[in-house]
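Trainee: Protein chains in written order, with the working numbering: chain A, 2 to 330; chain B, 3 to 151; chain C, 6 to 505.
Careful: at least some of the hints might be erroneous.
As the list claims (entries may be wrong) - Cβ-to-Cβ under 8 Å is the rule here; a few derived chain B residues that face chain A:
#1 Tyr35
#2 Pro37
#3 Trp68
Stated by the list, open to error - Computed footprint of chain B on chain C, listed as stretches where at least three residues anywhere in the stretch have a Cβ under 8 Å from a Cβ of chain B:
#4 177 to 183
#5 418 to 424
Hints are computed from structural coordinates only; laboratory data are not their basis. The structure presented is a predicted model; accordingly, all values stated were derived computationally and were not measured. For every residue, glycine included, the Cβ atom is placed at its ideal position computed from N, Cα and C.
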Amino acid sequence: MKINKGLSTYAGMLALAGGLLAAGNAQAQSEATECIAPAKPGGGYDLTCRLAANGLEKTSMIDKPMAVSYMPGGIGAVAYNHVNGVRDDDPNLIVAASTGAAVNLALGKFGQYDADDVRWLGALGADYGAIVVNADAPWQSLDELMEDLKANPGDVAFGAGGTVGSQDWMKAALTAKAADLSPRNLKYVSFEGGGEALAALLGDHIQVFTGDLSELKSQLESGKIRVLASLSEERMDGPYADIPTAKEQGYDVQWPIWRGYYMGPNVSDEAYQKWVERMKELSESQKFAKLREERGLFPMSRFGYDFNDYVLEQVDQFESLAKEVGLKQ
Amino acid sequence: MKLAADRLLGIVLIGLAAFVAVQAINLEVPFSYDPVGPKAFPLGLAILLAALASVLVVKPGTNEAWPGRQLGMKLLLVLATLLVYALLFTKLGFIITSLLAVTSLARIFGTSWGKALLTGVLMAVVSYFLFAHALGISLPSGYWLEPLL
Amino acid sequence: MFDFLIHGFDVALSPLNLGLALLGALLGTLFGALPGIGPINGIAILMPLAYTLGLPAESALILLAAIYTGAEYGGRMSSILLNVPGDAGAVMTTLDGHPLAKKGLAGPALGLSAVSSFVGATIAIIGLTLFAPLLAEVAVMFGPAEFFALMVFAFASMAVMMGKDPIKTAIGAVLGILIGTVGVDSSTGVLRYTFDLPELYDGIDFVVMIIGLFAISEILLMLENANRKDGNDGLPPLGRVFVSLKEVMACKWTMGRSGLIGFIIGILPGTGASVAGAVAYTTEKRLSDKDNSFGTGNMRGLAAPEAANNASAAGSFVPMLTLGIPGSGTTAVLLGALMLYNITPGPMMFSERPEVAGGLIASLYIGNIVLLALNLPLAGVFARVLTIPRWVLVPGIAILAFVGVFQLHSNLAAIYLMLIIGVFGYLLRKLGFSLAPVILGYVLGGLMEQNLRRALSISGGDLGILWQSGISLGLWIAALALLLLPWLLPKLWQAKTSKA
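Produce the entire structure from the sequences given, and follow the hints as far as they go.
Mentor: Shown next as structure tokens:
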């Protein structure tokens with residue numbers, strides 16, 4: 002029969018491809034731990050989930066590989082609602098989060114749920130904001146940029162990979178505030194992701210890019226950009242050692258972007274503590290330090306109630322900034 | 003009949019354009035860095051849509067024939083099957099719901115119950131193993147199955 | 006100068022890497038052929054596997070790049086056979102590919118699309134090898150104003166698709182653009198048309214959109230054909246299996262032009278295979294559609310988008326490899342894969358890690374040859390999908406649609422949305438709309454609006470920025486020419502010959 006022949010050839014090909022793969026993936030499916038990345042594959046949340054999944058597996062702290070699933074939607078709100086409404090007590094589920102999620106919570110973008118509606122677990126790494134200009138730009142230091150910004154705010158276009166109110170925008174807004182300029186009077190262009198904004202900086206379409214340190218590594222090496230300041234507490238090492246912090250140049254702007262996790266609101270204290278211990282142990286291992294570095298992240302270790310308080314305090318801060326500039330009543 | 007469909011469509015589209023415009027006007031924008039803002043583009047589109055739809059009302063084009071009563075029922079059956087498939091997808095799990103959906107669809111598309119059921123069983127099981135095990139895609143196993151596994 | 010490439014071929018031709026390229030090509034074809042599971046998901050699913058298997062960086066990259074190229078080949082299969090695009094780049098392939106299959110030319114259509122894909126990809130890879138660093142400079146010259154002009158050009162080129170019912174084509178495009186405005190406004194962060202549903206905040210996802218619009222509506226239409234009284238059940242005849250050399254040669258300039266267009270569009274960050282396919286198709290229709298047979302199964306109408314979408318896939322490697330800036334969603338995932346291996350792409354990569362840069366480019370050459378060799382003889386086999394009876398095919402499409410959307414969203418709302426869009430697509434088709442303008446409006450509209458607004462926030466509201474640079478001015482003139490030529494040319498034509 003024609004039909005069967007066609008089908009069987011097709012199925013045969015599928016089976017062949019599948020069989021080859023199954024060899025490497027045989028035990029991947031079973032009741033085990035899971036990490037939800039509240040975004041499409043390939044973004045920062047995917048990376049955050051993989052950091053925990055690979056770390057826990059490499060250090061043999063879990064015996065079965067951790068599953069990573071994707072739940073894009075509502076800039077993270079869909080996953081937040083899911084964990085609050087459906088899997089609110091799953092002891093094996095963690096969800097990736099970052100400073101961006103805290104910003105959205107502060108702006109009330111996660112609907113009916115607030116920041117204290119989940120159990121914040123901990124952060125395994127951090128990135129830091131950076132103020133970047135083209136290598137050909139006239140500004141050699143943050144001071145020079147700030148002088149020009151104060152004098153002619155209309156001549157300096159800022160750009161970053163996020164909307165008004167996003168964490169990328171916050172970096173530009175805080176920089177403006179440090180120059181006594183209202184964030185509303187800034188010239189700001191939002192792009193789809195840091196990559197597009199960086200391309201616009203290289204092409205001189207914008208003058209200042211407020212990005213993250215880790216995404217600048219290759220441009221630093223090629224000498225096409227100049228990082229005027231890192232928005233960290235202290236100078237970073239490695240390729241970033243020559244970059245002064247904003248603070249040491251006299252502007253108190255800091256912007257750590259933590260990469261962490263939360264769990265459902267009704268997870269038992271026992272399960273929560275078990276995860277806290279697990280994360281703590283992971284962050285102290287040498288193998289994990291290497292993984293974190295490979296992903297371009299800097300060390301950050303805050304776990305359990307300490308982390309919970311940190312996030313809630315951060316959300317409060319963002320909320321007052323949002324009210325100040327009129328983003329929220 | 004043919005003429006009426008396009009006229010009706012035109013009227014519906016004018017309604018849609020009005021809805022789009024009202025929604026756009028009512029957007030609350032804290033502040034915008036660009037002079038255009040988020041309202042202008044949808045508003046412009048609404049005006050364009052209303053204009054184009056008016057042409058349709060005045061000068062309707064041609065349509066394909068609409069399904070009759072019997073075919074209409076079958077269409078609704080297909081849609082109902084897909085809807086039920088979606089409703090139960092996570093609750094009963096991939097294998098069971100796919101079996102039901104495939105059987106039902108095969109039956110609606112005119113084969114015998116026996117063949118439909120066989121297709122359902124084969125397709126549900128084979129695709130489950132292909133997707134979940136070979137390609138590593140996570141599929142809902144169904145809440146009821148978990149204690150059994 | 007080409008030491009890195011010689012070194013690269015050395016790396017890529019090792020038995021392990023050659024095997025991986027073959028495996029990747031096969032898997033990629035499979036991922037591309039399954040609607041909804043395009044290259045991005047294929048790579049995202051397999052990336053951790055490559056990492057877990059402990060493959061060295063260049064081998065992992067070769068595997069992933071082969072999957073990417075393979076998916077671009079595979080995406081056309083369901084476009085041609087089922088009228089359901091396998092991925093974004095294959096939307097335009099449905100326009101002439103599926104009518105060809107309906108005429109009983111599925112085999113030759115698949116064969117021709119494999120050859121076109123090969124030619125397009127090869128043009129792009131040669132371009133990548135020769136000019137990558139130079140092209141990177143050009144790519145960054147495209148700022149918001151230039152992108153806006155490019156979008157104006159793309160919409161102007163769509164005018165040729167107006168065909169027999171210009172009003173409905175225009176309405177379709179407007180509806181598509183409106184669907185694209187749903188979600189967070191990427192400039193102000195304001196929510197538009199989300200009706201307080203968080204599931205809509207990120208907008209309507211591309212996969213949900215094409216699966217709903219094409220696959221679900223196709224199921225509903227098939228029901229109609231399956232119930233015809235006249236005994237014609239809508240199953241097309243299988244017909245001839247292989248594409249003839251004559252047919253291929255007839256399309257050689259089409260492939261060349263479209264490959265070039267696809268490559269150039271692929272280089273620009275933010276525009277992808279769907280834009281490349283659309284521009285190539287409409288350009289080709291304008292240049293070579295003498296008898297107005299585009300859309301009814303013209304071989305050139307198939308070759309153009311196929312050459313372009315593969316060329317654009319290879320072109321999107323330019324900004325990734327030279328600037329470290331991903332030009333498409335898929336290269337963004339590949340960039341992530343490189344980071345896992347502690348390789349930061351950029352101008353330094355060619356000198357510091359020549360085995361990676363060279364190996365990747367060499368594997369693109371090899372992957373494409375493998376894919377051509379794989380696809381030409383198999384065209385006849387794949388064409389047999391058409392002979393599968395509806396009662397097997399339809400449930401199969403339904404399962405693929407559900408799995409494709411669910412694995413991407415882990416969420417039922419996306420599936421409901423897909424069904425709603427499916428009914429919407431069915432109604433549109435019954436009302437005499439073509440789906441291509443809807444999907445193009447959806448893809449291009451957002452880019453047009455956001456780039457216009459970006460440009461104007463840079464200039465502080467001065468419209469002059471929109472045609473200030475040579476690039477944007479050139480695009481405006483080209484767009485104007487596109488709109489005026491069809492109106493002017495016949496008049497010139499008539500002046501020369503009396504009949505027209």
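Trainee: If any of the earlier hints don't hold here, list their numbers in rising order.
Mentor: 2 and 3
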